[in-house]
Amino acid sequence: MRKRTSWLLLLLLGLAATAGVLEARAQPDSNGFVSIDCGLPGTANYVDDATKLSYAPDAAFTEAGSNQNISDQYITSTLSKRYLSLRSFPSGMRNCYTVQSLEAGLKYLLRAEFMYGNYDGLNKPPIFDLYAGVNLWSRVNVSSSGDVEILEAIVVVPDDILQVCLVNTGSGTPFISALELRPLMNSIYPQANATQGLLLLARINFGESDAIVRYPDDPRDRIWIPWVDDTLWDVISTNDTVQSNLDYDSFEPPSKVMQTAIVPRNSNGSNDINLYWISEMLRRGQAPEYIPIMHFSEVQVLQSNDMREFTVGINNLQWPAFSPVYLSSYALYTSDPLPPATSYDVFLSATTNSTLPPLINAVEVYSIISTTNVGTDSSDVSAITAIKGEYRVQKNWAGDPCNPKTYAWDGLTCSYAISSSSRITRVNISFSGLDGDVSDSFANLMAVQDLDLSHNNFTGSIPNILSQLTSLRFLDLSSNQLSGSIPPGLLKRIQDGSLDLRYGNNPNLCTNVDSCKPPIKRKSKLAIYIVVPVVLVAVIVSVVGLVILFLRRKRQGSTSTRNTVKPQNEEPMSYAVASLPPSDAYGQSSLKLENRRFTYKELEMITNNFQHVLGQGGFGKVYDGFLEDGTQVAVKLRSQSSNQGVKEFLSEAQILTRIHHKNLVSMIGYCKDGQYMALVYEYMSEGTLQEQIAGKDRNVKHLTWRQRLRAALDSAHGLEYLHKGCNPPLIHRDVKATNILLNAKLEAKIADFGLSRAFNYDNEAHISTNTLVGTPGYVDPEYQATMQPTTKSDVYSFGVVLLELVTGRQAILYDPKPTNIIQWVRQRLARGNIEDIVDKRMCGEYDVNSVWKVADIALKCTMQATAQRPTMTDVVAQLQECVELEEGHRTGDEGHRTGDGTRGNFTGSSNNDLDLGYHTYVANRQSTKVTQTSTAFEMDQNFGKVPRMGKGPVAR
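With mature numbering (1 follows the signal peptide of the UniProt record, and there is no 0) as the guide, the letters of the sequence shown map in order to residues -26 to -1, 1 to 930.
It cannot be assumed that every hint is accurate.
In silico BS3-like links for lysine-lysine, alpha-carbon gap of 27 Å or less [as the list claims (entries may be wrong)]:
id, residue 1, residue 2
1, K646, K698
2, K636, K719
3, K26, K55
4, K55, K98
5, K595, K719
6, K814, K791
7, K646, K575
8, K362, K379
9, K698, K636
10, K379, K698
11, K98, K814
12, K719, K675
13, K636, K595
14, K595, K362
15, K814, K675
16, K362, K26
17, K379, K369
18, K719, K814
19, K575, K369
20, K230, K55
21, K575, K595
Please keep in mind that the hints were generated in silico from the structure rather than gathered at the bench.
From a predicted model like this one, the values you see are computed outputs, not experimental measurements.
Between the sequences and the hints, there should be enough to build the whole structure, so can you do that?
Below, the structure written as structure tokens:
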């Protein structure tokens, strides 16, 4: 009868430190070990009681997160110090630790440890992803508040630095307790290479009943979990040293592990040892590929007539019979992963010639993780990291700048190629509040094509070294405090047409090459004789020109002409520009409308005597109408009691005649007939975005997340056009969900320009107004305080719209007191769970990463300080990535969605088939329960032999 027992394969993955003391910059110690206690306050190291290794605080390794302590109820006298504190990351999608001074191309054992300990009082352990560099390491799923989850991997580190990143998947706030790195010789674990790493499933020391073996007994600081079952096995052991025979066991198991082994108990009536483990199903429904490594050594002195010979098989694979060598290690392993299976049965069977039963000293089981993703070019990383540090950039800049693409740094655009490093091709850090000189580090971004440093506070001269960026095609330095002159290298690039340089609104910058030259000290009489007549002629010509201009204007009367406000010496924008009249030219006399002009009688006919009202706003009612050719239109008729007077009407009409964009509501014509004023728009059949979020006409169908994303991107394009495509830029000043309309295809367009104002970047940083306009809940608090709106005021309002799209709630909530939606969202996201805010009417049909990213964009848009908000150009780029995420999810690429949380465990049974569940071990002689990732590994007796195969794993 088969007998089973339960035992836990503990995956204690961590980065154990050596006995040396880590320096303040956290350099590896003399053994190359790096040991970090995450969340440890202060700057002082301490020595671990069990390993005598020194642990350093983590402040030198990460810039984000906050220190937290576990709840008192989980603190025991035997609990290791590194589990008492942790670092939590409630903000941002990706947060990283950076470990430097590693040896590029070397294998490292990485270990990360997590003890939740109910530090946040929610009693809800989170689920999140862990990355080694740009490759997914594992999903972290702590089973309960009192458990320690330890993840270990063996990877080749491609560079001299490594970033370990925690990624929020929308199922709680990521955290970490400890992080450890241990260098390994490249000769061991040959299955780990540049394209694949090993994720530990189990590392077991058979025959030892109590003590965990790790450093210093294992110089590599691997953690060997003890296990023995007295009901099934006898233990045999030796006190003599067991040598690592590198010819037959290149994995260097420590002698202390190899000194003990198990053999079947005679009372069981069997000479076999049977083991098995159950496969862990990954998130995408694919079984992982496993590599087992089994260690053997004879620890008994055999009599002359004794013989221990046995075969080892796994499922349908089998090694030839062999005899372990006395006090010398011997390893059996597979060079390639085992074929996928739901479970793996391991058989150790004595041969007919053997007088002794089989034995086994230790076993390791790993699954394969891909490391094929390549990070950003190292020179680009060095350059952008230097820029980040020099200017203390307050953006979502954590981890690799370009990879994975989902988590690329804000404001960066990268090029991606198969099996080669990504390159940074565009940097947009405008409106970021940066100051000081323009760093030479920008010149190290050799692949950059577009560099936007505008609207900051850069001082000093423009570095000529930027001309050496051969790929650079566009450089925007406008609206800074630069001085000096345009350097000759850049001037040459401008002249040969290889560079588009923007440098307007730098008051101290000399842009005229001749006038920038120092004056000649000695003046010759000849020069005076030549210059004076020339100047006199120029004066005469100027006076004559002025007289002619005066006479011409007198004949023309007060007829106005169009103006285009551009920075001095600056080329027009590369996209279509709509020129607008200056903001003081809104008077009726200056208005020249180009669209169709309707009479009031015609409007009556079009609207069938204003029969059907589509909606109503501050300007007046909007009526349904049809033109002569059957085209449906919306007629916005000004009410006599409207607060928006002639000025606002003329403003909107004049703006709409000048701007044309697919995401702005088009004006077909206007009416200025005596006291009657109206605007005739294209008809938007699906009404306002707010109606669609709520469910128009109480329709049970609501906007899907994909439709909401599309509406967000469409309206963002419209606002970006107002800010960047109009000259001067326009501030809408009343962006809200009711001013975004949708057509029959659910394409979104910005409407209601009655409050819009021209904004001159090159004159002031804002426009002055004595009247606060906008809608409660959407108004930028900085604008409210200063009465000076900027384009960032629209960004703030648009951030509120994004939150409405995510939550399905209005800008002001009554919960039960009036609460701004921004505050409501921030409070709930601080808990780390995106599901707490997502509109339930979407029924979970969305990619959680795209939702999280939109919420993150919205909160950045609604930052209190305008300098910390992105531009609409940045918002468009980020929303485009969100759309790509969602579309990838819809076509089958589910990204890193939360799984069902099912964890395989180490179950087992004795004669009465008792399920013991997780086995409890004492980690570092502590009572805390340490769990491993989803698997089961069991021991059986009397299990049948596996059929012999012609080919099998290679024996060593």
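Hints versus structure:
no.	hint	verdict
1	K646 - K698	violated (30 Å)
2	K636 - K719	holds (13 Å)
3	K26 - K55	holds (12 Å)
4	K55 - K98	holds (23 Å)
5	K595 - K719	holds (24 Å)
6	K814 - K791	holds (22 Å)
7	K646 - K575	holds (12 Å)
8	K362 - K379	holds (19 Å)
9	K698 - K636	holds (15 Å)
10	K379 - K698	holds (26 Å)
11	K98 - K814	holds (21 Å)
12	K719 - K675	holds (15 Å)
13	K636 - K595	holds (24 Å)
14	K595 - K362	violated (51 Å)
15	K814 - K675	holds (13 Å)
16	K362 - K26	violated (37 Å)
17	K379 - K369	holds (16 Å)
18	K719 - K814	holds (24 Å)
19	K575 - K369	violated (56 Å)
20	K230 - K55	holds (26 Å)
21	K575 - K595	holds (17 Å)
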